[in-house]
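Residue numbers (our numbering), protein chains in the order written: chain H, 1 to 659; chain B, 660 to 1318; chain P, 1319 to 1977.
Treat each hint with caution, since some may be false.
Incomplete in silico selection of chain H near chain B, CB under 7 Å [said to hold, decoys possible]:
#1 ARG67
#2 GLY199
#3 ALA206
#4 MET209
#5 ASN211
#6 LEU514
#7 HIS515
Over the 10 Å line for every Cβ pair with chain B, so calculated as not near, a few chain P residues [stated by the list, open to error]:
#8 ASN1337
#9 GLN1347
#10 ARG1385
#11 PHE1674
#12 GLN1741
#13 SER1768
#14 LYS1771
#15 ASN1788
#16 GLU1821
#17 VAL1866
#18 GLU1874
#19 PRO1914
#20 GLY1938
Please keep in mind that the hints were generated in silico from the structure rather than gathered at the bench. We put the CB at the ideal spot given by N, CA and C, even for glycine.
Each chain, written out:
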Amino acid sequence: MPQLSDATRGRILFGGDYNPEQWPEELWQEDVRLMKEAGVNSVTVGVFSWAKFEPTPGAREFGWLDRLMDLLHENGIGVVLATPTSSPPPWMGRLHPETLPRDADGRVEWWGGRQHFAHSSAVYRSHAAAITEDLAARYGGHPALTMWHINNEYCTYDWGDEAAAAFRRWLQDRYGTLDALNTAWGTAFWSQGYDDWEGILPPRHAHYMNNPTQVLDFKRFTSDALLECYLAERDIVARHTPHIPVTTNFMPFWQGQDGWAWAEREDIVSVDIYPDPRDPLGAQYGALIHDLTRSQARGGPWTVMEQAAGPVNWRGVNHPKPRGLNRLWSLQAVARGADAVCYFQWRQSRQGAEKFHSGMVSHAGERGRTFQEVKRIGAELALLSGKVADTRVVGADVAVLLDWNAWWASQQDGRLSCEVDHQSVVRAWHRALWEADITASFAHPEHDLSAYKLVVVPQLYLLTDRAIDNLVGYVRGGGTLVSGFLTGVADQDDRVRPGGMDERLRALFGIRTLHEWWPLDADEKVEAEGFRGTLWSEEIEAADDTYVVVPYKGGELDGFPAVLRKGRAWYLSTLPEPEALWPLLAGIAEDAGVRPPLDHLPADVEAVRRGELLFLLHHGRDTVTVPVPGRHRDLLTGEDVVDAVELGRYGVVVLEAAP
Amino acid sequence: MPQLSDATRGRILFGGDYNPEQWPEELWQEDVRLMKEAGVNSVTVGVFSWAKFEPTPGAREFGWLDRLMDLLHENGIGVVLATPTSSPPPWMGRLHPETLPRDADGRVEWWGGRQHFAHSSAVYRSHAAAITEDLAARYGGHPALTMWHINNEYCTYDWGDEAAAAFRRWLQDRYGTLDALNTAWGTAFWSQGYDDWEGILPPRHAHYMNNPTQVLDFKRFTSDALLECYLAERDIVARHTPHIPVTTNFMPFWQGQDGWAWAEREDIVSVDIYPDPRDPLGAQYGALIHDLTRSQARGGPWTVMEQAAGPVNWRGVNHPKPRGLNRLWSLQAVARGADAVCYFQWRQSRQGAEKFHSGMVSHAGERGRTFQEVKRIGAELALLSGKVADTRVVGADVAVLLDWNAWWASQQDGRLSCEVDHQSVVRAWHRALWEADITASFAHPEHDLSAYKLVVVPQLYLLTDRAIDNLVGYVRGGGTLVSGFLTGVADQDDRVRPGGMDERLRALFGIRTLHEWWPLDADEKVEAEGFRGTLWSEEIEAADDTYVVVPYKGGELDGFPAVLRKGRAWYLSTLPEPEALWPLLAGIAEDAGVRPPLDHLPADVEAVRRGELLFLLHHGRDTVTVPVPGRHRDLLTGEDVVDAVELGRYGVVVLEAAP
Amino acid sequence: MPQLSDATRGRILFGGDYNPEQWPEELWQEDVRLMKEAGVNSVTVGVFSWAKFEPTPGAREFGWLDRLMDLLHENGIGVVLATPTSSPPPWMGRLHPETLPRDADGRVEWWGGRQHFAHSSAVYRSHAAAITEDLAARYGGHPALTMWHINNEYCTYDWGDEAAAAFRRWLQDRYGTLDALNTAWGTAFWSQGYDDWEGILPPRHAHYMNNPTQVLDFKRFTSDALLECYLAERDIVARHTPHIPVTTNFMPFWQGQDGWAWAEREDIVSVDIYPDPRDPLGAQYGALIHDLTRSQARGGPWTVMEQAAGPVNWRGVNHPKPRGLNRLWSLQAVARGADAVCYFQWRQSRQGAEKFHSGMVSHAGERGRTFQEVKRIGAELALLSGKVADTRVVGADVAVLLDWNAWWASQQDGRLSCEVDHQSVVRAWHRALWEADITASFAHPEHDLSAYKLVVVPQLYLLTDRAIDNLVGYVRGGGTLVSGFLTGVADQDDRVRPGGMDERLRALFGIRTLHEWWPLDADEKVEAEGFRGTLWSEEIEAADDTYVVVPYKGGELDGFPAVLRKGRAWYLSTLPEPEALWPLLAGIAEDAGVRPPLDHLPADVEAVRRGELLFLLHHGRDTVTVPVPGRHRDLLTGEDVVDAVELGRYGVVVLEAAP
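All chains should be modelled from the sequences, with the hints used to inform the complete structure.
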């Protein structure tokens, strides 16, 4: 299987999406000049070129791409070649309306935007295969080609008739018999027993709540149907170029695709990252995406396929990146394992829906601040490349467990609290680790966890038997486990386990009876000894041999456990406020033998070790001094650092032990 | 006509919806054991069993119900048998798409949820009749059968084509000629004159506001169409079992059905009650539902068909019931006339959309707090049964007037204020009576009111001539009438009466000219002498012989009447804040000879007299002492009470005069 | 071309929409009596009479209108006769469903409301032409007829199939070739290249953002398609009555129609004005509509076709007009050039969707406050008529530039800030002029601006080359130009100009580089020397020869220009708070030789000169004294005013220099 290193060849890839079809061909030379000035060594082309390749059904217009690939190659710029299948040309919808997806209300998603493809349409798939085949045949041997990029940000749901038929086939594969499906979905409730496969639909608009297992399976199916699209194109290009790695770009921390299942099928794991520059925890959000993507890449290098050099254009108010922030966040990604730092897009568009999304070359052009900062980043990445590329992050000994099935099942209608957002809960726990200066990994609950010193479960509402046994085995094997509330509630079919929580987990944590869940209102806090909880609380009766670490104080739950512990298994029945969660978790981690990459880190300074290097990243604006015992060299400046280093606003040093 | 007493036979019914088809049959024995432990004497079965009864079109699977009914009967548990017609099996929609309702936007309401039946579909109706017929034939003679429960929470609107045709037939019945319809609807405005019955539609999505009388008639029609469904099934079961009472369960205080018209056609009036445990006025909300349902039952006993033992699962955040609250609210319903205290549902589901809706046996099982409290309630109801069942509430001498037609007409687009919510206004007035310790009844404005000492009109925007004459006659006959604003504005066709308020009412209240309505913004208050008004104010010129009880103070309405009075007829042109409304109403009530059930009640203590008994219900958490002159016995504890009784948090005593 | 003066004949028109078909014919006599009592000299009839004229397809029922026109004429009341084409009868939709519009989601807009016509439906257009022809033929010669009123508040968008076909034809006219369209729309982005005209659709619901130029062109097309409807009917009536002026009533400051393009095709410019009586800046809003409409009428007289005598019924909470406000705002319109003061509607409806919209005769009738105030206004207008009618506003030397194309293009999805609302920005700048007591005009950026002393550009995101050259030429010719942010960004196709702002404009204002736009969050302020900015800020590098009038202070933009100036060209990169904008603008205006109509005006007093008269309008509630040097006569009271006049709450004087 080809690797990312087959594309990077010892360098950090630097570049971005390049859509030259938007520009007159005479501008290409200028683009290449600026790319070289900026140290760009990789561009992604073809993402939205289907109508250019195939302006009428069956036509092929590749001449422009021939010229472009040659030009790039002549200038030493590699090409990540995309299949253009995320946005079919208008003629596809016009001639084959069944290729257009429909939403749960039956509304057609018309062309005129992007990603308007019905994933299970046979016509769409055959057209997508044909254009992929021809691209692979023509460019598979081109020396500029370094990587295949399939489709773009797979995210299109479809409730239409052809999707319904595919959903039924998927269900037949999963359940075999209607009886099994009826059992799994609990259709005895609300008179939903199916007597015929043809009666099964995607969860379309209903009078009142849809069947939750139907909704869950529809999310599983959608992820799988999109993965089928990926694999079909992957197989085509891999047949032509078995040595060229293949990827697709994930949307960051995105519900629509099962990230674990997809990553297993990719040569390279890639992600798009768009923190809000105004988010005071934007750096932590970035770190989370980095950690998750690296973990999907089994700890090895991965690629930032897209980020923004300045503002995006899809928020309500889209803020630019203040001076230095682009550099800081780019180097943060490298620190956390990225071997590619790429942007959407090279040159900011003048037309179309994304013309206010920034580019490496903004509307202000070469003289603009944006491009000046891009050039500096390119130069610094070149300095680091030799020491960084293809190395691994060190010391990420804590696993945060995440499972899309649990995420999907927990976000249904008809649950106890709409305030409990899975993503926010996971982020709260990752933030606590980040504030405790601990480098986190992510893992699936059925992964082998034995290498981790600490396993954190922010919330796994749904857990399979196998996953539960895995967790129990991990603790029995000496591991330390910390679990947040609403974990182990449901089985793989979203069937609530007797007692409201699996009995093995209750035994593990020392819970005799879970009497009631007490969700909290939006801004409500619950008092416990020493902290205040948010989002949730529980009326739990602890077992005899269990230590109530923190009881609730006052109110209906006075004296009931907020935090309880049985040996190395901890359970939190609420989410402590951030200022309480991180010290709690830091203490548990320390007991479990987990250490930060560097001691005595000032607030706002992030430290990560990758390979032989120590990255120090300053997310604040005031100058701070970081104690770094010993003698190091800063690869960015070439200067020596002895015992301490000073970091200004958004400052970064990359230290190598001095010889 | 059979009565509730034919089902209760001297007991208070205690139990809930039982959906055994969700569980393996071996669990039924366990269920029955726990039911008996909890004093359950009635369960409702079959509500969502259509797909179980008729898994394929025309099939019949009754064996499981045969076994269940026998089992229940053997254990002394009566059965409320439901027709399963609220949720047709998936094959119905698949084979007969016209049985699926459509919303005003044309969206289909697909199966996969519940209540997805097009009420006017001939196919649906014939299938519903067939399954009802077979159920009645098979179980009409079963000794466990105590009551029929038709459908469930009728609430499905339909804007589709078959509903449109039925709407036209309904309109032909109502108006006879197109001319009459055009006149009633005021179609001369906006060029809406109909030249053909076929041109008339339900009020589907329009460019701008729909014709309001069309909307009003569509609501009337929908209530009637659903009632036709009810009556069709009622007639079938009544033919088989003329001695068994028939009911359907209302949603509480629900706009969709004309509660008066429906109640007249029911043997038993039943309601589902779901106050929010976090609502500080949840007890008052419960009392309102109790009073309304009792009044629909013509003052006699009625049934709580559903309530929740703990949380529901359809609010944003669903809170459990704190310890004692389930008992308190259950006994409150009995105090206010209920002869049945039932739950949705017996055993909390493990699957399906309502698995987080609590049950009498929660996920925590037998040991859980929920079931322990349920057992206590069952035991206490058994203690009360002999003294309470089939008795009537005493002293409910005040009638609050409510009419669905007025409600519907007042909630249209294009009115002066979206802040005036009919339900909230009615609740504000009921709350004032509740805070004044006055037991309220409800009545329709055309009812005979002569037995009431005081009649309160929170708001009857629409009043028929007959209703107006009834109110005028009531005051002429010596009654005291208090009316809130926006009353008597429109006639039965939502036609504004000359002067903006019917002239008979203006004469009754002493209003010369109603110059302008002055609605208030969301949080705006208007100052009057001695209180502040909310929601609304009016520029009224009082007639000469009228007493301005309270004038507005300052602002544009300075000096105009906020409260005026002509003899025993009072009119409030604003809604006083709660702390002002109840003393005002208490004073008027006292003058009218209305007395609370007990004097000197502490705040938070509710007193109701039913039959020979005095119920005292404490809705607060601090212990209070209630003076109760004389010697009584508390039926719950068997202890004597002399001159006073102490009530703890959520405490209840049921007192009988000591012999 | 006929003029407004052909209809007014030396008078101010006073009256309103009259819908006699809502009332029994015997009430018409009463209506006419009250009209005469109120000084009504003009009523608009027929607006919603199509179903009355043509109750079945092809029928004609004109007898009632014959009688009405005769009655009005006998009583000296002129008739503005409307074509009834905004609301087709129900039979039209029933027999021709393709005449019903569809929204972007595909939802039909059914009959039962109003304005449910598909503008490009051939069937609709032919029916509309036929009824217009017959009306013109029958009433063209009637002596009561003074004006034609085509349709009503054109505002219906349509995304349906027939509109799609018309859109394609419009695009073929605009672009000629598909290549030109593909270039203009930038379809190279997102694979949107069209290979066939048939592939082009209105911007229907898409998976993600629609192509912005497609959206822009669809707005242009919709305005043009509606204008075609107008012109088709206009041509018919003009053929019959070349001497009778034709108009249609605009919705105020409304995005749907290009007000400049429409006004050019109208004999008379008419507008409907509905300020919220609770809006503390309602008078300024009114003034803006007046100034805009007058400017559309090339500075000459215009008509208030609709206003409300009291509340409207389409806001959330609809407040009545306090005593005196109707008079104040009516006279304000006259001051700013109106020669007609009309209402929707004469008699408040008892039925239909607008029965809570006030009328000149309210539900309270003749005795009600509303009618009493209407009578006073009618009497006062009669006093003014001879001196006012057909005169022009004096001294409106400042042009505020407005262009619908810029408005449309700036309000797309995918822009940097959803907080920047074009209408609010324009209103902010007009408000500053209003607060500086400067009478404003409006102009299109391609108009001849040479007559203006000052030109203000609140925001013209899109500017054609011709418009840019016009602005540059204006400044070169000695004019003073002040521009707000986000001006000159895009060309006519919404293509961002290199540098993010046209280079001619950058040269004009002295901007070297526009590095980044920094939009502000909803309530965020940016500090500058001496004021705080709202909505927006920019990272601008000033050219050498440019004066940084106000720099930003602190934050990321510290020292960058907030306000810069090159000669007489000013640029503001933020929107100063209101208390800073008006003095800034007043200073610039004074330097440019612009003077208020009167010096030393108290706050809340508006002064406008029209013809020989000086109007003073007091928008406050406390009595103020206004210095007015010299001797004048107040036309309303006939009293002399020497050197000063006192104005009470909502007071108005109309002063003529004493001889």
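Going down the list of hints, with the structure as the test:
1. ARG67: Violated: closest Cβ of chain B sits about 50 Å from ARG67/H, beyond 7 Å.
2. GLY199: 4 Å, holds
3. ALA206: OK, holds: ALA206/H within 7 Å of chain B, min 3 Å.
4. MET209: 4 Å, holds
5. ASN211: 6 Å, holds
6. LEU514: Given a least distance of 6 Å, the restraint on LEU514/H holds.
7. HIS515: Since the shortest Cβ distance to chain B is 4 Å, the answer is holds.
8. ASN1337: 7 Å, violated
9. GLN1347: GLN1347/P is indeed farther than 10 Å from all Cβ atoms of chain B, at 17 Å.
10. ARG1385: 16 Å, holds
11. PHE1674: Check fails; 5 Å does not lie beyond 10 Å.
12. GLN1741: GLN1741/P is indeed farther than 10 Å from all Cβ atoms of chain B, at 20 Å.
13. SER1768: 43 Å, holds
14. LYS1771: 41 Å, holds
15. ASN1788: Fine: 38 Å to the nearest Cβ keeps ASN1788/P off the interface.
16. GLU1821: The assertion about GLU1821/P holds, with a minimum of 45 Å to chain B.
17. VAL1866: 44 Å, holds
18. GLU1874: Answer for GLU1874/P: holds, closest chain B Cβ roughly 37 Å.
19. PRO1914: Correct as stated: the minimum Cβ-Cβ distance to chain B is 31 Å, above 10 Å.
20. GLY1938: 15 Å, holds
Hint compliance for this structure: hints 1, 8 and 11 are not met, and every other hint is.
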